[in-house]
Amino acid sequence: MPTAKIRITLKPTVLDAQGAVVARALQSLGFEEVQGVRMGKYIEVELEEGGDTQARVDEMCRQLLANPVIEDYRIELE
Amino acid sequence: MPIGVVIFPGTNCDQDTFHVLKEVLEQDVRYVWHAETDLQDLNAVVLPGGFAHGDYLRAGAIARFSPVMDAVRQMAEAGKPVLGICNGFQVLLEAGLLPGAMRRNEGQRFVCQFVHVRVENGDSPFLRACLRGQVLRMPVAHGEGNYYADPETLAGLNASGRILLRYCTPDGTVDPVANPNGSVENIAGICSAAGNVMGLMPHPERCSEMILGSTDGRLLFESVVRSLTERRPL
Chain B
8 MPTAKIRITL
18 KPTVLDAQGA
28 VVARALQSLG
38 FEEVQGVRMG
48 KYIEVELEEG
58 GDTQARVDEM
68 CRQLLANPVI
78 EDYRIELE
Chain F
89 MPIGVVIFPG
99 TNCDQDTFHV
109 LKEVLEQDVR
119 YVWHAETDLQ
129 DLNAVVLPGG
139 FAHGDYLRAG
149 AIARFSPVMD
159 AVRQMAEAGK
169 PVLGICNGFQ
179 VLLEAGLLPG
189 AMRRNEGQRF
199 VCQFVHVRVE
209 NGDSPFLRAC
219 LRGQVLRMPV
229 AHGEGNYYAD
239 PETLAGLNAS
249 GRILLRYCTP
259 DGTVDPVANP
269 NGSVENIAGI
279 CSAAGNVMGL
289 MPHPERCSEM
299 ILGSTDGRLL
309 FESVVRSLTE
319 RRPL
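Chains as they are written, first to last, in our numbering: chain B, 8 to 85; chain F, 89 to 322.
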């Protein structure tokens, strides 16, 4: 059964306040090498065999899973 | 014709909104379940606050696909007032009836407090009982109220008077210290290009009676009622 693994993050132009807070926390713990943190969502979608899976999952992301106004998404099929 | 108050599973400000419209403003009002598809009997519709469909995925992301949203869109296109309060604003953004998106509050905390907002456009059908520059005191209660729009969209909103409310200090100064959630340009409320769809994060239904500490929210509902009555002779 194919699985789509989807990673959703805020667009680089949109301030990721949550990521910034986590980055500061890491730095204050002594991880001075931390240059930045981007937080996001990870979603796994289990699919039936067959069909144009890539295009269908892309459509799922655009319609529901991601908000294209502020978010980017990456799809990995397995 | 009644004003509708939409209930999605997880909406929790429906009774407060209904109460203000019915008891304080003495309007004809009815509840609208989210599965309804025909709202032609309504004069105006309010999407109240809450956590529609649990706010799973993103606030408003699931609610925008509720059956009632097609009918809400038709009302918007027909020029009838559509008001989204807090979660209702988030739903209108996800549905594309208003531009932009909500992010988590900048401070990562749910904010629940009284704020001040400045009326930026007193000609709006939602604010015509107010004067431009008037400061309203209203409560907010949200975790995702950090409004975002890209610079191009913002420029368009500014140029066309579609930014209706901005967070401000009690004396009406728009300043970052008065911004409870990190919203771009202190934006607390906007409207559609045609002006008949409004979304705002503060809760006017929680400040329409003196016993609740402020009656400023009433001005917003009174504006809607006034715009409905003024439109009738046309």
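Derived from the structure by calculation, the hints contain no laboratory data.
We put the beta carbon where it would ideally sit given N, CA and C, even for glycine.
You may find that some hints are simply not true.
Said to hold, decoys possible - Going by beta-carbon spacing under 8 angstroms, a handful of chain B positions derived as facing chain F:
(1) Val-21
(2) Ala-24
(3) Gln-25
(4) Val-41
(5) Val-52
(6) Leu-54
(7) Asn-74
(8) Val-76
Claimed, not checked - To give an idea of the chain B side of the interface with chain F (calculated C-beta under 8 angstroms), a few residues:
(9) Val-28
(10) Met-67
(11) Leu-84
Honestly, which of those hints from before does the structure not fit?
When the structure is compared with the hints, numbers 4, 5, 6, 10, 11 turn out to be violated.
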